[in-house]
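Chemist: As given, the protein sequences belong to chains A and B, one line each in that order.
Under the working numbering, the first sequence has 1162 at position 351, and the numbering climbs by one with no breaks.
Under the working numbering, the second sequence has 209 at position 185, and the numbering climbs by one with no breaks.
Incorrect hints may appear among the rest.
If you want the ones that stay clear, here's a sample from chain A, every Cβ over 12 Å from chain B, calculated [what the hints assert, rightly or not]:
#1 ALA853
#2 ALA913
#3 LYS971
#4 ILE975
#5 HIS1002
#6 VAL1011
#7 VAL1021
#8 LEU1028
#9 GLN1052
#10 LEU1102
#11 ARG1167
#12 SER1168
#13 ARG1215
#14 LEU1249
#15 ALA1276
Simulated crosslink set (DSS-like; lysine-lysine; CA at most 30 Å straight-line) [stated by the list, open to error]:
#16 A:LYS971 x B:LYS229
#17 B:LYS229 x A:LYS1296
#18 A:LYS1296 x A:LYS971
#19 A:LYS1296 x A:LYS1246
Bear in mind the hints are in silico, worked out from the structure with no lab data behind them.
Bear in mind the structure is a predicted one, so any value in this text is a computation, not a measurement.
C-beta: ideal position from N, C-alpha, C; glycine also.
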Amino acid sequence: MHLLVALIPLLPLGAAVAVGVAGWRTTTAWAGPLASVAVIGAGALLGADVLEHGALAALGSVLRADSLSAFMVIVIGTVSLIANTYGVSYITGELDRDETTAAAARSYGVLAQVFVAAMLVVVLADNLGVLWVAIEATTVATVLLVGHRRTRASLEASWKYVVIGSVGVGLALLGTVLVYFASRHVNAGNHDALNWSYLVTIAPHLNPGVMRLAIGLIVLGFGTKAGLAPMHSWLPDTYSQAPAPVAALMAGVLSSTAAYALLRYKVIADGALGRNYTRGLLLAGALLSLLVAASLLLAQRDYKRLLAYSSIEHMGLIALGIAIGTPLALTAVLLHILGHGIAKCVLFCTSGEISRSTGTTKIDEVAGLLTLRPLQGTLFGVGLIALAGFPPFAMFASELGIARSGVSDRLGWAVAVALVLVLVTFIAIAGHALKMLLGEPSGVIDADPSGSTTWAVPLVGGLVALAVLGLTMWPIERLIDAAAKVVTR
Amino acid sequence: MSSTVFVQLLDLAVGSTLLCAFAILWRRDLVAIVRALSVQGIALGIVAGLIGIYHHESELVAVAAFVLILKGAVLPGVLLRIIGAGDETREVHPRVNVPASLLTAAALTLLAYATSQSVVALDPSAETRAIPIGLATALIGVFVLANRHKAVTQVIGFVVLDNGISLVAFLATTGVPLVVELGVALDVLAAVLILQVLTARMRAKFGVTDLDQLRELHD
């Protein structure tokens, strides 16, 4: 079992090697989805084991898996399965239409899997320095993927992404160094001084002055990566320019991987500084993100940017839940991470298909989608319904959970503000979606000529999984409960 | 090495990193800026080496050699290649003019001293007392990034930021664990190489690398 922990990140790396050596072929293209299935399986095994026997350390305690790690492994596996499977038809289609070269397809195949592997290292790292290195590695792996299409706009987006992302994450490194400094001051001889499991035990002894500075930098830094305002400006550009399966991975799991880092640090910070310090920072980020999303969604004209701003909104909700920090709130946050990950992944993949077949990302120009492209229109509509938190989908329960726990923990005012802003974004998105799906066709696009529907299989699967999760949390209920307890004090 | 000599050499090396950061803000000739960056990388390596020798940490001395090569030679080499590939050798007009930039940098240095008081107070040794300088270097790096138009000077700002962070890491903790140190160095190298690739693509698409030309994406 100890070996399994170290093995999990190697699964997508194996797929990367396969594509890297043999190039993008009909067979190697499926290495990515296959690795994702293996990751889900490994995550389930790991989850069962840690529920039974407790946390596992590996590689000289650089890695460590508890129920929260196992849960995140399953989330990453599930979202990457949808994105990678859709990615096969996406890239194969681009190659068939001569829109990309064999070399670009190969580098997509390699980098996308390295990206998934880096995220797996983030959630399995015990050493917070290694966690930082893995988060920065996700930036390095994704930036060339964002520029995959080599247009002016995608070049601009990748530049903004790498510069803002690296600076943000650089601040988090400064914070990590200061945490190490504080930890060494408590016990200079300890070789695990940067390990989360050790820091949690000594948290009350860490110097508060140093920790205040460190945690401030870390929330700002990983908040940048999560897409929390005020450091969100890269996100709409990047998500709208990246190839659809990459945007699906970034919106679906990368942002919540950064939120996961915040969750881990919050436990240490709460021990050293009391609950209110991190709570204040996260509340400010959460409400500001909701405000930014609400105000920029109202007049949005591009459906990919619409999805991107909705991501900022949902990261705001997740930050709100982390700020509340009760077991109920954190259970809801974790369910939200899974539910939003799947829904956003399906939506970005669908948006990729819409923009491919219509050649535009303007909401006005694709009006009447439901009649002109019934399959794309239906998937987009159902995805948005799931995202808005309607039953039977999982996010009904998670949003309700975050709101309820906030009210019962004397944060009713924040929940009230958040609910108003969520309502505004809902109205804005619903208005755009109605125009897009049911509106009068603009004449820019005609009925769909191509009959292929295989691309939709993983997306339908994702939506079904989301509905099942909403009706019964059966497969993962115990794991989510245990995972929420890991980060509650 | 006696402790007085150590403290004097350490202060000299730490002081030169900050001086280089100011020089980067002051100069407009791109090659001169990269030279200042190279000196800063060497000074950073010397800081790590001094701390390693003084505390008899052989691992840190090895890291110092690695930093010296990476930050003193490899990264400046990559940057010179970016500059050599284009025909622009001067940063023509920064957003904030040079005298105002230098004043801002002075203000940032004061800010660094103010915010890191609690860090210095926790363990007032010669190394810890120099931490504000590292923080100031990092802040000036962010300022360079925000203040310059050219792709290559933004990359330089990023490297200055990273040098500042590394300086804090060496001074505060006699180096973070080896595995972290190597990971960080590799990430930075990869980030700079990627920025080089992007700069080349930008030059191919736009003809120039002035980032003010990039304004297609907005709401």
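Chemist: Of the hints stated earlier, which fail here?
Modeler: 3, 4, 5, 7, 8, 9, 17, 18, 19
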